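Model the full assembly from the supplied sequences, consistent with the hints where possible.
Order-wise, the sequence lines are chains R and H. Residue 539 in my numbering sits at position 539 of the first sequence, with consecutive numbering throughout. Residue 1094 in my numbering sits at position 94 of the second sequence, with consecutive numbering throughout.
Simulated from the structure, these hints should not be mistaken for lab results. This structure is a prediction, so every number in the text was calculated from the model and none was measured. Treat the hints with care, since some could be wrong.
Stated by the list, open to error - Ranges of calculated distance between the beta carbons of each label pair, as one might list FRET restraints:
1. A1105/H - I412/R: 55 to 63 Å
2. G1173/H - I404/R: 43 to 51 Å
3. L433/R - H1220/H: 52 to 60 Å
4. D1165/H - W535/R: 54 to 62 Å
5. L433/R - S1099/H: 39 to 47 Å
6. M1036/H - V470/R: 28 to 36 Å
What the hints assert, rightly or not - Derived pair list, reagent style BS3-like, types lysine-lysine, alpha-carbon separation capped at 27 Å:
7. K1282/H - K1055/H
8. K1055/H - K1109/H
9. K1100/H - K388/R
10. K1268/H - K1282/H
11. K1033/H - K1300/H
12. K388/R - K1033/H
Said to hold, decoys possible - One side only, chain R facing chain H, incomplete, derived with CB under 10 Å:
13. Q102
14. F459
15. I539
We put the beta carbon where it would ideally sit given N, CA and C, even for glycine.
Spelled out from the first residue to the last, the chains are:
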Amino acid sequence: MAEENKKNSRAGALDDEQRVKVLSPSMLVFKRFIRNRLAIVGVAFIVFMFLFAFVGGWISPYGEDQVFTHYEGLEKDYASVTVNDNYRYTVVEGEAFDSLAQSKFILALNTGAATFEAQGKTYSYEQKGEDLYVVNGTTTVARGMSNKMMTAVKPVEGVTLPDGFEAAANAAISAGEVSFTFEGVTYVVSIEGREAVVGTGAPIALASKTVYDTVDSSIETGFDFRLAAETAIAAGATSFEADGVTYGLSVEPEVGATITRDGEMIALASNTVVSSYIAGQVLTLEFKDAAKEAIANDLTEFEFNDATYVIYRNNTIWDIRSETQTQVVNAYEAPSFTHWLGTDGNGMDLLTRIMYGGRVSLVIGFIVVFIAAFLGVILGGVAGYFGKWVDSVIMRIVDIFNCIPSTPLIIILGSIMDAERVDPQIRMLYLMLILGFLSWPGVARLVRGQILSLREQEFMTATEACGLTVSHRIFRHLVPNVMPQLIVTCTMSLGSTIITESTLSFLGLGVKYPFASWGNIISAVSTVHVMTNYWFVWIPAGLCILITVLGFNFVGDGLRDAFDPKMKR
Amino acid sequence: MEKITIDNTFTPLVHNPDNVLEVNALKKYFPIKEGMLQRTVGYVRAVDGISFNIKRGTTMGLVGESGCGKTTVGRTILRLHEKSGGEVLFNGQEVHTLSKAQMRALRPKMQIIFQDPYSSLSPRLPIGEIVGEAVREHNIVPKEEFNDYIDEIMSECGLQPYHRDRYPHEFSGGQRQRICIARALALNPEFVVCDEPVSALDVSIQAQIINLLRDLQEEHNLTYLFISHDLSVVEHISDTIGVMYLGSLVEFGSKEDIFREPLHPYTKALFSAIPIPDPNSKMNRIVLEGSIPSPANPPKGCKFHTRCKNCMEKCKTEAPQPKEIEPGHFVVCHLYDNEPENKAE
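As C-alpha cells, then:
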C-alpha cells in the first residue's frame, strides 16, 4: 500500500519537494568533483596513462624486453693473394740444393751461364718451359784442354770410364754440344775458359714459379709429380702421369691449372700465392680457386660459401677481406617510424618499454597503496575503536615505524636482494611488500584519528542505543565516514609511491632489468653524453612520471575539495 | 596514597509494577586519571546517588543547570555508561547486570532522542536506512512488512515516505529531530529518554516536536524521561519533575506541586528565572551567587550550601536526606527538617 502511495505521489509530480532531485552524499561529491576543472585534467591524465600503459602495451607490436638488432657487414682482412715472382725449388729425394746453390742458379740464369758451381759442385740446368728449369747436379768425370784446334779430355783420377768415352767426348765438345749420351749415360759438358769439363748429370731439383696448393698434406707433390705436371701444363696436355698414377689436368688461362685425380680436385697449380691473414686458419683449395678466379676476372668481390669477400688490389698483392654479417644492437636509435621514441642503450623499443614501465609503476603504486590502506584501516580502526591499551600498543608500533629511516632501509634491502640474486619478478613483489609495510602507519594514524572523533559523535551513541552489532557499527557507520579522508590520502600517496618506486629503480634498487619501469628507463642517463645526445631516452619517461603524479595529485586535491562540504557547490 | 573507593551502599528496591523505571541511589563517577601510569587520582561525581521512579505512560522532567549531570543520568539509565553504584530497574529488571546479548535484546525497549539532531544522524546513510536498520536487525516486524512499517512510522513522525531515499544533509533541524524520533520509535520502545530534544531548535519547531512527542506518547503509551534545562518546555510535557543540582536530586514531585510551591532554595531560584511574557510585570528574580562547584570536589554537607541564601551551620556539615513534604513531593533540604513528615503512604 505504501508502495502504491509512493508511486501515486510520484505520479503527482507537482509536489515541489518531490521534484527536488535526491542526491546521495557520494553523488554530491561526484558532482562537486566533476565541476573542478583541475581534477578533470588529473582524471584525464590518469586515464590516459592507464590506457597508454595497459592498452598501449597490448597494442604495441614489440615486446617489453625485445632487443632490436641489425646485421652489419664488417670487413676483415681475410687473405692475400700475391703473384709469385720467386723460383721455388723442388728437390729430388736424397739430394740437396741449398740456398747458396739456389742463388748461384739465379745468377747463372741471369748471366746466361750454362753451369754454375756452388760449394765445389757443378750444376747445370735445362729449361723445360717458361719459368721452369730442371737443375742437374754434375760429377766431373773428365777434363781437358779444349780450344778451337783440338779437344782432349782425360778422365779424372780415380774414375774409370768406358772405352771410347774420350773420343765421344772430344767429338761432342768439338761440336759444341752441351751434353752427350754415351752408352746410355748422359754427360754434361761445360766449357770454362780453355778447359772443358765433362761430368755426369742427373736432375736434382726443379725450379719453377708455379705454386702448388694441395687439398691436404697427404698429397705428395714431389719432383717427379711437379716435373710431369708442369711439363704437361707447358705442353697444354689434359693429363699426365707421375709415379704410375694418372692425373687429370685442366688449365685455365691466367688462373692456373687444376689437377684432378679420379675426377677429384687435389691440387691447384698457379703462379699466385694465397695466404691467410688469420693465424691458424687453413684456407681450402676451393676458396683459393675461387679467389684466384675472381682475381683473374678482375672482380672486386666474390661469394664463397654464402660469404662475401671483397678484393682490394694493391700492385701485385690482392687483399681479400671477408664481409662477415655481424649482429649489432640498435642502441640509442633516434626516433623513427618503426621506433617512435627510438631505442635505448640495450636496443629495446623505448615507447614499448615506457608502456610496460607504466604498467609496473601503476601496478606497484596501486598494490603498495592497497597494502598500506588495508593494514592502516584495520590497525587504525582497531586502535581507534577499541582505544585504551590496544590504541597505545598500536600507536607505539606506528611511532616505531615512523622512526625507521625508510630510504636507507630500502637501500640496504635492495642491496641484500642484489647479493642474493633475487629473481627480478620476485624482487618486484618484495618491493611492493616493503613499500606497503613502510607506508601503513600514516594511514593508520589518519584512520585512528577519524574513528576517535567519530566514535564520540552522537550517531555512534545512537547505534549503541539501538543495539546494533559491533561489525554493523564499524562497517556501516564508521568506515563509510572515514572513506573520504582515506580516499584522498590514498590518491595522494599513489603519486608519492610512484615517485618512490621510480627513485628506487633509478638507483638500481627497485625494478630490475628485464622488467621496465619509468625509473630504470631514466637511469640509463648516467652520463652527460647520454643526457644531451639521447633526449628521447629520458624525457618521455620523465614526462610520464610527471603527468601521472600530477594527475594523482590533481585528483587528490579535487577529491579533498569535493569531500569538503564547506566548498561552494 | 589513600585508595579512593566509591561508596556503594544502598537499600535494594522493591519493584512496583506500575513503574516502568526505578532508579535507586544511582551513581556515576568518572575517574580522573593522571600521570604516566594513568592512575586514578579522583572522580568526577557526575551522578551522585539519585533515586526516582517513573510510572508507566507518564513523563518525568529532569531539570537543572548545565553540567549538573542530567544527561549522564539519562545515559547511565540506558547503560550507555556503566553505573558506578546503585540500581536501575527497568520493568523490575536490573539493566546493568545483563549480559551483552541480553542487553542487546533489551535495547529496543529503551530508546533515546539526542539533543543535537545534526550529529546524531550518520551523514552517509539514507533516512530509510537510519530509521530501519535497527528494525531489521532486531526483527521488530516481519520482512515483508518492513517497508510499510517504516513508511508508517515516518508518516507518524511527520515525514513523507519519499524522504526515505534522502540523506540527512537534505533536512532541516526540525525534520532531523523527527527522523531521530522516528528512529527511536521504530523500535517500538516502552521508555524513551529525551535528552534535551528541543534545545537545538527554534521555538516554533520546538512546539511542533513537543506536540509530536505528546501525541506519540498517547498513541504508543510511551514513558518519557524528559531532560531539559528549559522549564517552560518541561512544564508543558511533564507529569512529574525532578530538579538536579550537582549530581543529586534536590526536589522531586508532581509538576503541579512543584510549580505551585517550589520548596528547595535552588528550585526557587531556578523558577524565578522563568521569563514572564508580560513587559509590565516585574520579575522577582532570585540571583544565585557564585558558580556551580566542581563535581570532582563537591562541598561537604548540603551540596548547595555554598550558594544558598538560607544556608545554616548544619548545611555545611550534614548532608540532608529526602523528605516527603506532601504526597509524592520530596525535597532534600535542612530547611524542612522540622516540617511534619507526610505519612499518607
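Practice problem: Using the Cβ atoms, figure out if L433/R sits within 39 to 47 Å of S1099/H. | Solution: 43 Å, holds
Self-check item: Minimum beta-carbon distance criterion (10 Å), I539/R to chain H
Solution: 45 Å, violated
Quiz item: Does K1055/H pair with K1109/H here, judged by a C-alpha cut-off of 27 Å?
Solution: 15 Å, holds
Quiz item: So does G1173/H sit 43 to 51 Å from I404/R, Cβ to Cβ?
Solution: Given a distance of about 49 Å, which is inside 43 to 51 Å, the answer is holds.
Quiz prompt | CB-CB spacing for I412/R and A1105/H relative to the 55 to 63 Å hint | solution = Given a distance of about 57 Å, which is inside 55 to 63 Å, the answer is holds.
Quiz item: CB of D1165/H to CB of W535/R, is that within 54 to 62 Å?
Solution: 57 Å, holds
Exercise. Double-check Q102/R for me: the hint is only fine if its C-beta lies closer than 10 Å to a C-beta in chain H.
Key: 112 Å, violated
Quiz prompt | K1033/H paired with K1300/H [C-alpha distance capped at 27 Å] | solution = 23 Å, holds
Quiz item: Holds or violated: K1100/H with K388/R, Cα cutoff 27 Å?
Solution: Measuring from Cα to Cα gives roughly 20 Å; hence the hint holds.
Quiz item: CB of M1036/H to CB of V470/R, is that within 28 to 36 Å?
Solution: 31 Å, holds
Quiz prompt | K1268/H paired with K1282/H [C-alpha distance capped at 27 Å] | solution = With a Cα-Cα distance of about 16 Å, the restraint between K1268/H and K1282/H holds, given a limit of 27 Å.
Quiz item: How does the Cβ-Cβ distance of L433/R and H1220/H compare with 52 to 60 Å: does it lie in that range?
Solution: For H1220/H against L433/R, whose Cβ atoms are near 58 Å apart, the range 52 to 60 Å holds.
In this structure, the hints that do not hold are numbers 7, 13 and 15, in rising order.
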